[in-house]
Amino acid sequence: MRAIILMFDSLNRHMLAPYADTIVDAPNFARLASRAVTFDNFYAGSMPCMPARRELHTGRYNFLHRSWGPLEPFDDSMPQMLRDAGIHTHLVSDHPHYWEDGGATYHTRYTTWEFFRGQEGDPWKGVVDGYREGEGLPLRRQDAINRTYMPTEAEHSQTRTVDAGVHFLHTNADADRWLLQLELFDPHEPFFVHEPYTSRYPDDHTGPEFDWPGYQKVTESTDQVEHARRRYAALVSMCDHSLGRVLDVMDEHDMWDDTLLIVNTDHGFLLGEHGWWAKSVMPWFNELVHLPMFLWDPRTRGADTRRGALAQTIDIAPSLLRHFGLTPPPDMQGRDLAAALDGDRQLREGALFGIHGGHVNVTDGRYVYMRATASPENGPLEEYTLMPTHMRARFGVEELADWEPADPLRFTKGLRTLRIPVTGGWMNPWRHGTLLFDLENDPGQQHPLDDPEAELRMLRLLADLLHACDAPRSQFDRLAIPYDGEITERHLLVREQADRAAALAEPMPTPEELPDGGLLQRPVLELLRDPALRTVVEDHLPDLTHTELIAFPAQSSLLDLARLAVIPTSTLRSLADCLQAL
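Going by this note's numbering, the sequence shown opens with residue 93, and the numbers climb by one from there.
Everything labelled a hint here was simulated from the structure, so no lab data went into it.
Note that the structure is a prediction, hence the values are computed from the model and not measured.
Take the hints with a grain of salt, since some may be wrong.
As the list claims (entries may be wrong) - Simulated restraints on C-beta separations:
(1) Asp396 / Ala265: 22 to 28 Å
(2) Gly517 / Thr240: 29 to 35 Å
(3) Asp266 / Leu478: 21 to 27 Å
(4) Arg502 / Ala265: 40 to 46 Å
(5) Arg458 / Arg224: 52 to 58 Å
(6) Arg458 / Gly577: 26 to 32 Å
(7) Gly306 / Leu548: 33 to 39 Å
Using N, Cα and C, we set each Cβ at its ideal position, and we do this for glycine too.
Put together the whole structure using the sequences plus the hints.
Next comes the structure, spelled out in structure tokens:
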């Protein structure tokens, strides 16, 4: 038996023809759907990038205990389990996060691995003057340098990665007992893509290139937004071409009889929907978490069919283990997807998803419940780890000053971890409020529900799943959910937080639509040094100068804070009027 995982990053379900009417030209995804099972109710779990990949290895949620970080010493790793059982596991990727502090223990779980450089500001080519003198943040300056070393489609890191994956398939077409994980960073931002794909999506944008939106509210013009959407579409078309290359090899070598194929992604990417760009800093709307997922399983077959079972990323690891005849370990929470393929049997009553320090979310397939914190402090919040690293840095000495040994958790194999108190920083779900959506009647999540009966049912489901995950008591406290005892209507938050949620959901105007835009774009700390301006700011934002600014860069302006949803749009407009009146 063999298996192939073709994994993309930030691939939007609603922009693929098997799921929606779309501008994206992607014939190979339609071809894939005709050869595989298409999942209609597949959800993310832990996010974003590396937390999702930790789920791919471990088959269990991790966002309740840990932010972005490496595999832990107590983690089960599906690729390592296969490797130890004599199955050759090979990783081919251009995903730069594998080779940073927060991802450094993943690739070494495979038998062999290859990496291709150049994506998203990867510290690859050293051009000293270009780095020192370029525009923007260091990551963007490095990315501009990297692009000059990939001037053609053939030299693009995606192409080189697929070249290596195709080489593995040709080389091992007659071999047995192997897993290829061919993992592409695209269509993750920046949307760097060549001809012939860009010309498929012409637009009227005449300004500077805009293919790397920030993680913030949309304030750009309509033509800029459309330009970014079309650059994303072009990159998806390139990904579609890469998918076609893999399908061609499977056809050429007649691999369908004994080779499992998974095509998946970790999460989506907002392209202006709900007034937002990107991910992480806003509620986890369905565009981000309701994922495309395709599976050809020679055990159950079922080409050109669809399945509605509620499935998740945590189900991939146990499915692959079962495919190769191995028994998933008891700490894996995922289910073998063969059960869903065989008669569309249900796998679970509810699915959790979220990011450490953000909303904790649950869906039963119809309702989505996004539980925020009851207070603006967004605490208590803790990290449980034996590997104290962030994405691109180690934990600082000051972060580790107050750690304590935690009692073993059910999945830590008897080990006591560090329990490190942390703050949510720039990410605070309290600002957005607790939200409830009925996907059957509101698939676009435009109209939050105030339905105490439905909220109570979803809150109880959420609490049951938290206990099943051995979530720390601090998570229950942070979310104002009783750890013990009955959950009743007095624990509901939707109605209590509805006004704040509505205020923060209001779309942003462009800077040109606001009066006195110059003051709004000056650093807040600079405004506070002027007594008259300080009075206006403190009248509108009395808590800002004492708490909120700690988590934001010193150069943050009022407009920046509004883009990050620290300030509601209505408050920003009032501030602009008052500042102009001075």
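Hint check against the structure, violated hint numbers in rising order: 3
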